[in-house]
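Could you put together the complete structure from these sequences and hints?
Number of protein chains: 4
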Amino acid sequence: MVHDTAGAVFDGFHEECGVVGVYGHPEAANLAYLALYSLQHRGQESAGITSSNGQTLLTHKGMGLVADIFDEKLIRRLKGPSAIGHNRYSTAGSTMLKNTQPLLAKYTLGSVAIAHNGNLVNAEELRVRLEAGGSIFQSTVDTEVILHLIAASQAGQPVDRIIDALSQVRGAYSLVFLSEDHMIAARDPYGFRPLVLGRIKHAGKTGYVVTSETCALDLIGAQYEREVQAGEIILFDAHGMTCYNPFPRAPSARCIFEHVYFARPDSTMFGQNVYHARKSFGRQLAREAPVEADVVIPVPDSGVPAALGYAEEARLPFEMGLIRNHYVGRTFIEPQSSIRHFGVKVKLNAQADILCGKRVIVVDDSIVRGTTCRKIVKMIRATGAREVHLRISAPPTIAPCFYGVDTPTRRELIASSHSVEEISRYVTADSLAYLSEEGMYAGLQVNGNGFCDACFTGRYPLALGSRPKGSQLSLFGEQG
Amino acid sequence: MVHDTAGAVFDGFHEECGVVGVYGHPEAANLAYLALYSLQHRGQESAGITSSNGQTLLTHKGMGLVADIFDEKLIRRLKGPSAIGHNRYSTAGSTMLKNTQPLLAKYTLGSVAIAHNGNLVNAEELRVRLEAGGSIFQSTVDTEVILHLIAASQAGQPVDRIIDALSQVRGAYSLVFLSEDHMIAARDPYGFRPLVLGRIKHAGKTGYVVTSETCALDLIGAQYEREVQAGEIILFDAHGMTCYNPFPRAPSARCIFEHVYFARPDSTMFGQNVYHARKSFGRQLAREAPVEADVVIPVPDSGVPAALGYAEEARLPFEMGLIRNHYVGRTFIEPQSSIRHFGVKVKLNAQADILCGKRVIVVDDSIVRGTTCRKIVKMIRATGAREVHLRISAPPTIAPCFYGVDTPTRRELIASSHSVEEISRYVTADSLAYLSEEGMYAGLQVNGNGFCDACFTGRYPLALGSRPKGSQLSLFGEQG
Amino acid sequence: MVHDTAGAVFDGFHEECGVVGVYGHPEAANLAYLALYSLQHRGQESAGITSSNGQTLLTHKGMGLVADIFDEKLIRRLKGPSAIGHNRYSTAGSTMLKNTQPLLAKYTLGSVAIAHNGNLVNAEELRVRLEAGGSIFQSTVDTEVILHLIAASQAGQPVDRIIDALSQVRGAYSLVFLSEDHMIAARDPYGFRPLVLGRIKHAGKTGYVVTSETCALDLIGAQYEREVQAGEIILFDAHGMTCYNPFPRAPSARCIFEHVYFARPDSTMFGQNVYHARKSFGRQLAREAPVEADVVIPVPDSGVPAALGYAEEARLPFEMGLIRNHYVGRTFIEPQSSIRHFGVKVKLNAQADILCGKRVIVVDDSIVRGTTCRKIVKMIRATGAREVHLRISAPPTIAPCFYGVDTPTRRELIASSHSVEEISRYVTADSLAYLSEEGMYAGLQVNGNGFCDACFTGRYPLALGSRPKGSQLSLFGEQG
Amino acid sequence: MVHDTAGAVFDGFHEECGVVGVYGHPEAANLAYLALYSLQHRGQESAGITSSNGQTLLTHKGMGLVADIFDEKLIRRLKGPSAIGHNRYSTAGSTMLKNTQPLLAKYTLGSVAIAHNGNLVNAEELRVRLEAGGSIFQSTVDTEVILHLIAASQAGQPVDRIIDALSQVRGAYSLVFLSEDHMIAARDPYGFRPLVLGRIKHAGKTGYVVTSETCALDLIGAQYEREVQAGEIILFDAHGMTCYNPFPRAPSARCIFEHVYFARPDSTMFGQNVYHARKSFGRQLAREAPVEADVVIPVPDSGVPAALGYAEEARLPFEMGLIRNHYVGRTFIEPQSSIRHFGVKVKLNAQADILCGKRVIVVDDSIVRGTTCRKIVKMIRATGAREVHLRISAPPTIAPCFYGVDTPTRRELIASSHSVEEISRYVTADSLAYLSEEGMYAGLQVNGNGFCDACFTGRYPLALGSRPKGSQLSLFGEQG
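Residue numbers (this note's numbering), protein chains in the order written: chain A, 1 to 480; chain B, 1001 to 1480; chain C, 2001 to 2480; chain D, 3001 to 3480.
By construction, these hints were calculated from the structure, which means they are not laboratory data.
Be aware that one or more of the hints could be misleading.
What the hints assert, rightly or not - With a straight-line cut-off of 20 angstroms between C-alpha atoms, the simulated PhoX-like cross-links for lysine-lysine are: (1) D:K3073 - B:K1073; (2) B:K1347 - B:K1378; (3) B:K1079 - B:K1201; (4) A:K347 - A:K375; (5) C:K2347 - C:K2375; (6) B:K1098 - A:K98; (7) D:K3378 - D:K3347; (8) C:K2073 - A:K73; (9) C:K2378 - C:K2347.
Said to hold, decoys possible - Computed footprint of chain D on chain A; a stretch qualifies when at least three of its residues, placed anywhere within it, have a C-beta under 8 angstroms from a C-beta of chain D: (10) 64 to 77; (11) 297 to 309; (12) 314 to 321.
Unchecked claim - Pairwise CB distance ranges (calculated): (13) B:G1064 - C:K2201: 37 to 43 angstroms; (14) A:D160 - C:H2326: 52 to 58 angstroms; (15) A:V446 - D:S3337: 37 to 43 angstroms; (16) A:D160 - B:D1068: 47 to 53 angstroms; (17) D:D3160 - B:K1073: 46 to 52 angstroms; (18) B:G1343 - A:D181: 39 to 45 angstroms; (19) B:E1288 - C:R2077: 52 to 58 angstroms; (20) A:S338 - D:S3167: 38 to 44 angstroms; (21) D:P3317 - A:G357: 25 to 31 angstroms; (22) B:T1108 - C:H2326: 43 to 49 angstroms; (23) C:K2073 - B:S1417: 35 to 41 angstroms.
C-beta atoms are modelled at their ideal positions from N, C-alpha and C, and glycine is treated no differently.
Dropping the structure here:
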């Protein structure tokens, strides 16, 4: 069954994804499946895998979690020594099967499938141009323009058509393409989104894996080799691996938010271990914003490393004062006679035995709208805690991301329009402190050059060609 | 969940369909649903409806029967005063959701949905040309080329683009198109497949219905008006109904097989009642091929009218000697210790009480491979019938259809390579006779001009541009 | 998922069923499945099969049609040389999975499964007595009391316990029981419901089949042997087949409605072919109620044999003037702007080409509420028919059945409170005639002794012990 | 659809459950649902809720997680001011819908539903006795005998029948019963399994909640009042709450394993906070089994509190050296070319950046078969860790539980037949130490009297009446 709305425009501006490509392994689809499994945190709404058996591309896609979409029989059907996979999260309106990836196309040179992490900023204008030339779009994801640019290219070889296509798009893209007899990986010249390269041995031969995070390499037993470089295009075919750097060099703009929140803590991101980075943020935060207290607790699970770092630096006890319910589903049916702090209590329970009578430092990695945070603070105080000090292991989030992280619009970001003092009062904390921008980079032991921190600063490395509806981008300073 | 194969080529050559379009009725989708319901015999594998609420096209499609695909909630969601619908049967390989119709496209002038009954004979060459120009195909049905031709056309108005597109395709097509604010019906210049026009009143206003058979008009209470003429294009919009005849006139080639087998007996097809036509075939057959016998029985249900005609003309008793099981599903699980005549016995049971000791004339409308027929004859004889005479109310089927009826390949058609005598022996009948070609037209009280009878004669009114794989068309004489 | 209501009482008073038991065939479950398939007309709401592999009973049950409930894997799991099966229709309230049969119980002697066609008239009083003794009921079907009576019996052998249990129940029952190592068939002393015995050979050995109708024997290739006699109990075990007649003889009360409507036309029921019986009813009706007319048409499919008989006797042409849609599902979504004769038109279409200007005799087998009939008459007249004469091939249905046929309550039966003249006027026919009671038995060439015709006469062969709620039974004369 | 096996015997010996009862709240079923939600860790295979609207019991049950089984519509249908709920885990063979609870029965006094945490040790002998008296069992769970004992009791009031029934059963039970107009809670005289009582206010009135753990009270905003005492029976009806203590006093035998592993860390169990207890176990373990090391890491999530306690006491850094994949489904499809440490790596990833070159102490709460543990040790060592010291925050598990915790059979428990030294070698650790029995009780600051620690000691507080098949219980010393 398919329910569809033909009138939709591009709606893919706020989405998060994980990608993987495997080349030269007899069980490529199975490895891709496992990689998606370990990248599930990057997108839980849909997933898909396309394999090539040398003659034909075979695809299975579905809505939901990787473990629910695939079963052994389906994986076994995705035969062939190469495969690409994708999982995706996107905001409400666009959760349709037709928008799940890999997207596929048959064009004059054969078949091509594509899996994309990132967002293109000139997709709308390219689409208008392509439609005027007679192209018909099937999905509402920006990624599809790349397929049409490939189909419309006059270049001779698939890799040349892809280079031709990518030279026309602007934005964030970490891409894997699959055709009958080759696989191509590509990362945009800014290097917004991560993409790593690994090798996997089988029966004495070397296969290749390209994926969003190193945790996927770990699971399938592949050796981490290096990042796919910003602007690099890599062709995997019968001749092995061939690297291209066809585009002019652009300033590096790796996403700092991967370290702050998005990536899995056991991944190595842009050369650094994420868990270490987060602990460093916590330690730095303890230096910048100390406070007299009895105990440091994290908002689990994402706040754990920073809270450990804070506690270590502050020489305070670390406790799991908030216990997470591990079986939380997507919906909870609340009685009409409403329950106090319900929204947060289904996920987290504050332990009175640990917190009652204490001065508590709560560490989390971000405040978005402030509503959840406020419930947590109140729930902690309801246990009898004497003081509740909130520490955020990143700077205030003030601006939406247009390069592949699902942040809300500016209007919804409490820090875009309120001072730290105001937010502290709103969430009813005794004190609130954020990590400074400098502190964040100090935690990473780098300077800020080379990172995109637009969500914290509003400084966008790359202008939007056509504005998505409702965007307030024009309020911010932009940088080309 | 979607399971897909990107490497497939056009596979839509053998398919049957029913179409409907409703314009100017507040419950257009509901009427389209009912029309599809009454056209279910034209295709049981998938169905879909697209409605327009004036701004947006809304679609629901699925695999299976109309009654299972739609429910009240889904129909209510398909809002708007116009809707088109489609149901479809096609051979095994191509039963994929992506091939269900209506097909949709957004192109530079807006949205367009299409529902198609028939087959194009130059789809493959158009596809190659379009792909070379950068078009990307999403399905493997020939119908999609029409959408690309529309998108690629430089004409100004949608109806002009459709005329432009149709001027490039050759083959059988009865089409309905739906856009945000208008509906267009079209029938190819040969008039291969049926398409009728009706009117339906609502609250004092007149709406229009275009559909494959008049039985659909009957069910929804629409008045039959006339056939959509061969080569005619009708635009329904806010100004009412506008007719175009843009193409050069072609020789009429209406499908005789609709009368023989395909259409519902209560439909008026090409101006004649189908039940009457079939009775006439039976009567004519009794004149051409009489035989001493005690009873005439039909192979239910399709053989009933011809058997009644035969019995009337032969002044022999008519009996339901074969009883049909009305609850036959798609699959039956047969024990490994196999059952005699199982394949046919799950559907039909021969009544010994009626047939034992009798000389039996069995009337059916066609013999395809001969295997089922052979089982029926043997099952009848096993009741104790003294003689079994088989009478077929149409000429031998010797050639496949390339214009929209699902006949097997020539190799599988027993009559393409065996004489009537040989077939009679194979099916173990005491005698076998077919209706003659002349007798068939005599039954219709027309001469054969104006009909396509390629399945019975091998004379194709329209040559194939590029041959579908495995087709043995070149063995036949063709006529432009 | 199970949705359940513990507070329900017996609700099984209006239900119809088919049963089968197979003993001594290596693919017993597969044969039972096919038998249920051919008995699908006796119950379309649920079905189930229990097999015995010698040690354990294995069951699969479900809601819906046999073909949808079972697949090859499920049938293969139901291993063992014996199996029983059941399909069931019952009125709305009681369509719950827990009420599907076979019902199973483990008791002190082992396991027993039961499949039941019929209704017990003293189930409620037995239930009250059993509950007072500590029994816990799991379903709301009357059949379950038999299991509790078996479990509570002090007799030594299973067959003796079953005889003990059946000696306490009163009503209509055709039963098959399955235990680990034997199968038992039983038919009540009145013989209300049919039950036939057949033999099936496999690898030189003889297996046994017990089932509701002979059409099931035909499909699986079993030889019809005889009816299970009224009051007979047959044990099938390693020693072969042993017959018991433990109960006092009761007057024969075979259900005449099986011949009129319920059984499949190709079955031999109580020794006579059903199709023949129906044709005879039609012939007799033509003698009793002739009328000047041009054509005789049936209400398909059940009215076909009687209409053929009528036409033959009256020497009038027989035509299929009403065409049945073979793809009718359970629900149809009608527009709010309602369609004329919609309720009947989705199932039947009246052919103007055949009926216009004619004097039409319509033959059907019964009028229940009169509403459908009225729609059919009006739809026929709307084609332009000059006269519409309705002929019913059975006497008026005036009283509900308490022995296993789903007839509505007396209040809903139009003939229970209206004269033939009044009904004729209500259904807007030019004339209406029913077959007389005597004519019906004349058609069968028997006198009425030995049949239950309570639905036509209100004379119940067996009193109800406790009245079902809402029953108006007390208005009728009863006979013990 | 139901798939069933009638020949099964009681198979409920190894199962875990959570129960809840709510009395006197207009949204009782919704609160029960939320309570089950927070008790999901006690059983993930099935769940069910029965409510009473005063006249009728309404039930919905299903297989799977609470969040998947129920939706808003289903909860709203479970009307009424009282409800009981149950979730359940049991070993493979017995995962059938018919075994899900609440179990329901209609008997002579009306309806009763039951939800049970625990296991009865004399269920088999009671069942044999009841079946000999004519009872028919529907499920294979021991709980059903209680229903039959109630139905067979001659006592006058429901609560007296329940007391009568419970006086005949021996074993572990924390029970809630629901009838049309009252709810009853009961805990066995030994107090094996937990059961707590809370109050919940609504519109000025007090309602009651009885449930397995206090975390359920926290979520629904109920006030914890006290434990239901061992041997206590509480009746909730229109008159309020009435307590009974009808049974002779038995030695207290509360389950120590609830503290070690089973309960949620934020629950208060037998009067003590579970998280605190586990930290104390870790601290005590550090005192008993210190070792030179660089870092302490938990096996997440259950090992976290003990690891924190160990690290604190040992003054060593605590790190999350193993990262848990939060999206682990039930099945993973491993390639045939197997992956190193796959079985554990899909759930946990060892962080080389944290562990490489370090002497690592890994803290977990138990070793069952040793196979997972061995994989974890090897995976840690593969990161480059110099030493891996395993510390278990409980004594060796040597004996199965017969009172409601799903431990494997003795044969499968590595510690039942191997020394600590042998286990250490098997799991390839550099050293292994368990917490001592005394240390465990010291951690709880109690002496061991009053707890059941049979799983660690083999000393069973209550003999089994009839032995479950395959049990090796006779090898152990037992205590009455």
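Results of checking the hints against the structure:
Restraint check for K3073 of chain D and K1073 of chain B: satisfied, since their Cα atoms lie roughly 16 angstroms apart, inside the 20 angstroms limit. The straight-line distance between the Cα atoms of K1347 of chain B and K1378 of chain B is roughly 15 angstroms, inside the 20 angstroms bound, and the hint therefore holds. The hinted pair formed by K1079 of chain B and K1201 of chain B meets the criterion: a straight-line CA distance of about 19 angstroms does not exceed 20 angstroms. Of the pairs offered as hints, the one joining K347 of chain A and K375 of chain A holds, with about 12 angstroms between alpha carbons and a cut-off of 20 angstroms not exceeded.
Between K2347 of chain C and K2375 of chain C the alpha-carbon distance is near 12 angstroms, which keeps this suggested pair within the 20 angstroms criterion. Taken as a hint, the K1098 of chain B and K98 of chain A pair is honoured in the structure, with Cα atoms around 10 angstroms apart against an allowance of 20 angstroms. The suggested pairing of K3378 of chain D with K3347 of chain D holds, with an alpha-carbon distance near 15 angstroms, which does not exceed 20 angstroms. Distance restraint check for K2073 of chain C and K73 of chain A: the Cα-Cα separation of roughly 16 angstroms lies within the 20 angstroms cut-off, and the hinted pair is therefore satisfied.
Note on K2378 of chain C and K2347 of chain C: the hinted pairing holds, with a Cα-Cα distance of about 15 angstroms set against a maximum of 20 angstroms. Counting residues of the stretch 64 to 77 of chain A whose CB falls under 8 angstroms from any CB of chain D gives 8; the rule of at least 3 is met. Under a criterion of three residues with beta carbons nearer than 8 angstroms to beta carbons of chain D, the stated coverage of the stretch 297 to 309 of chain A is upheld, 4 such residues being counted. With a cut-off of 8 angstroms between beta carbons, the stretch 314 to 321 of chain A has 4 residues touching chain D; three or more are needed, and the interface restraint holds.
In this structure the supplied range 37 to 43 angstroms holds for G1064 of chain B paired with K2201 of chain C, their Cβ-Cβ distance being about 39 angstroms. Between D160 of chain A and H2326 of chain C the beta carbons are some 57 angstroms apart, a value that agrees with the proposed interval 52 to 58 angstroms. A hinted range of 37 to 43 angstroms for the beta carbons of V446 of chain A and S3337 of chain D is consistent with their spacing of about 39 angstroms. Distance hint for D160 of chain A and D1068 of chain B: a CB-CB separation of about 48 angstroms, consistent with the stated range 47 to 53 angstroms.
Between D3160 of chain D and K1073 of chain B, the C-beta spacing of about 51 angstroms keeps the proposed range 46 to 52 angstroms intact. Taken as a hint, the range 39 to 45 angstroms holds for the pair G1343 of chain B and D181 of chain A, whose Cβ atoms sit roughly 44 angstroms apart. A C-beta distance of roughly 54 angstroms is found between E1288 of chain B and R2077 of chain C, which places it inside the suggested range of 52 to 58 angstroms. At roughly 43 angstroms, the beta carbons of S338 of chain A and S3167 of chain D sit within the given window of 38 to 44 angstroms.
Here the CB-CB span from P3317 of chain D to G357 of chain A is close to 27 angstroms, well matched to the stated 25 to 31 angstroms. The hint said 43 to 49 angstroms for the Cβ distance between T1108 of chain B and H2326 of chain C, and at roughly 44 angstroms that hint holds. For K2073 of chain C and S1417 of chain B, the hinted distance range of 35 to 41 angstroms is satisfied, since their beta carbons lie about 39 angstroms from each other.
Against the hints set out earlier in the document, no violation occurs for any number.
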